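Engineer: Sequence:
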Amino acid sequence: MARTTITAVQASRAGTTLPAAVAGDAVNGNSIANDGRTVLIVRNTNASSTARTITFQTNVKVDGLTGPVRSETIPAGETQVFGPFSPNEYGSPLAINVDNAELTIQAVRV
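At position 73 of the sequence shown (counting the first as 1) the number is 73 in this note's numbering, and the numbers step up by one without a gap.
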């Protein structure tokens, strides 16, 4: 199935309203256009103590094998910022996987 697309808002000196958070697609994954200037704001909305994991796919291959991925754990109730991501290493679009829809994502292009 196709990944669910996330759209970034452009940051500005005059101020930019953050977009509504999008629940991560734990079944199909998410993708976002990646020019190396986008950061992701990811919140674990789990109210108890369950940490959740977000994984960023890499674009690097060795001998035709997909390279390693970058996985990060976000504690319950915490918000973290990730990026920017080099298109040479992470591709465009950037492919994102979450282990649970309790991870919400907002994207800002800087």
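Hints in this document: simulated from the structure, not taken from any laboratory. Please read all numbers here as calculations on a predicted model, not as lab measurements. Every residue gets a Cβ at the ideal spot worked out from N, C-alpha and C, and that includes glycine. It is possible that part of the hints are untrue.
[Unchecked claim] Computed list of lysine to any residue pairs in SDA-like fashion (alpha-carbon distance at most 25 Å, straight line):
(1) Lys-61 x Ala-23
(2) Lys-61 x Ala-2
(3) Lys-61 x Ala-101
(4) Lys-61 x Asn-97
(5) Lys-61 x Arg-3
(6) Lys-61 x Thr-5
(7) Lys-61 x Glu-72
(8) Lys-61 x Pro-93
(9) Lys-61 x Met-1
(10) Lys-61 x Ala-33
(11) Lys-61 x Glu-102
(12) Lys-61 x Gly-91
(13) Lys-61 x Phe-82
(14) Lys-61 x Ser-86
(15) Lys-61 x Gly-29
(16) Lys-61 x Val-22
(17) Lys-61 x Ala-95
(18) Lys-61 x Ala-76
(19) Lys-61 x Pro-19
(20) Lys-61 x Gly-83
(21) Lys-61 x Thr-4
(22) Lys-61 x Ala-21
(23) Lys-61 x Gly-77
(24) Lys-61 x Pro-84
(25) Lys-61 x Ser-92
(26) Lys-61 x Arg-37
(27) Lys-61 x Asp-35
(28) Lys-61 x Thr-79
[Said to hold, decoys possible] Each pair of labels, with its calculated beta carbon distance range:
(29) Ser-12 x Ala-51: 32 to 38 Å
(30) Gly-36 x Ser-12: 14 to 20 Å
(31) Thr-73 x Leu-18: 20 to 26 Å
(32) Thr-50 x Gly-15: 31 to 37 Å
Engineer: Evaluate each hint against the coordinates.
Structural biologist: These are the hints, each one checked on the structure:
1. Lys-61 x Ala-23: violated (29 Å)
2. Lys-61 x Ala-2: holds (22 Å)
3. Lys-61 x Ala-101: Violated: Lys-61 and Ala-101 sit about 29 Å apart, past 25 Å.
4. Lys-61 x Asn-97: OK: Lys-61 and Asn-97 at ~19 Å, within 25 Å.
5. Lys-61 x Arg-3: holds (21 Å)
6. Lys-61 x Thr-5: holds (24 Å)
7. Lys-61 x Glu-72: Holds: Lys-61 and Glu-72 sit about 21 Å apart, inside 25 Å.
8. Lys-61 x Pro-93: It holds: about 16 Å lies between the C-alpha atoms, which stays within 25 Å.
9. Lys-61 x Met-1: holds (23 Å)
10. Lys-61 x Ala-33: At roughly 20 Å apart (the allowed maximum being 25 Å), Ala-33 and Lys-61 satisfy the hint.
11. Lys-61 x Glu-102: Not satisfied, since the Cα-Cα distance of roughly 31 Å exceeds 25 Å.
12. Lys-61 x Gly-91: holds (11 Å)
13. Lys-61 x Phe-82: holds (22 Å)
14. Lys-61 x Ser-86: With Cα atoms ~15 Å apart, Lys-61 and Ser-86 stay inside 25 Å; holds.
15. Lys-61 x Gly-29: holds (20 Å)
16. Lys-61 x Val-22: At roughly 30 Å apart (the allowed maximum being 25 Å), Val-22 and Lys-61 break the hint.
17. Lys-61 x Ala-95: Holds. Lys-61 to Ala-95 sits at ~15 Å (cutoff 25 Å).
18. Lys-61 x Ala-76: violated (33 Å)
19. Lys-61 x Pro-19: At roughly 33 Å apart (the allowed maximum being 25 Å), Pro-19 and Lys-61 break the hint.
20. Lys-61 x Gly-83: Holds, at roughly 21 Å.
21. Lys-61 x Thr-4: holds (24 Å)
22. Lys-61 x Ala-21: violated (32 Å)
23. Lys-61 x Gly-77: Outside the cut-off at roughly 35 Å; violated.
24. Lys-61 x Pro-84: holds (20 Å)
25. Lys-61 x Ser-92: holds (15 Å)
26. Lys-61 x Arg-37: holds (23 Å)
27. Lys-61 x Asp-35: holds (19 Å)
28. Lys-61 x Thr-79: violated (31 Å)
29. Ser-12 x Ala-51: 32 to 38 Å: holds (34 Å)
30. Gly-36 x Ser-12: 14 to 20 Å: Check passed, 18 Å falls within 14 to 20 Å.
31. Thr-73 x Leu-18: 20 to 26 Å: holds (23 Å)
32. Thr-50 x Gly-15: 31 to 37 Å: holds (34 Å)
Consistency with the previously given hints fails for numbers 1, 3, 11, 16, 18, 19, 22, 23 and 28, ordered from lowest to highest.
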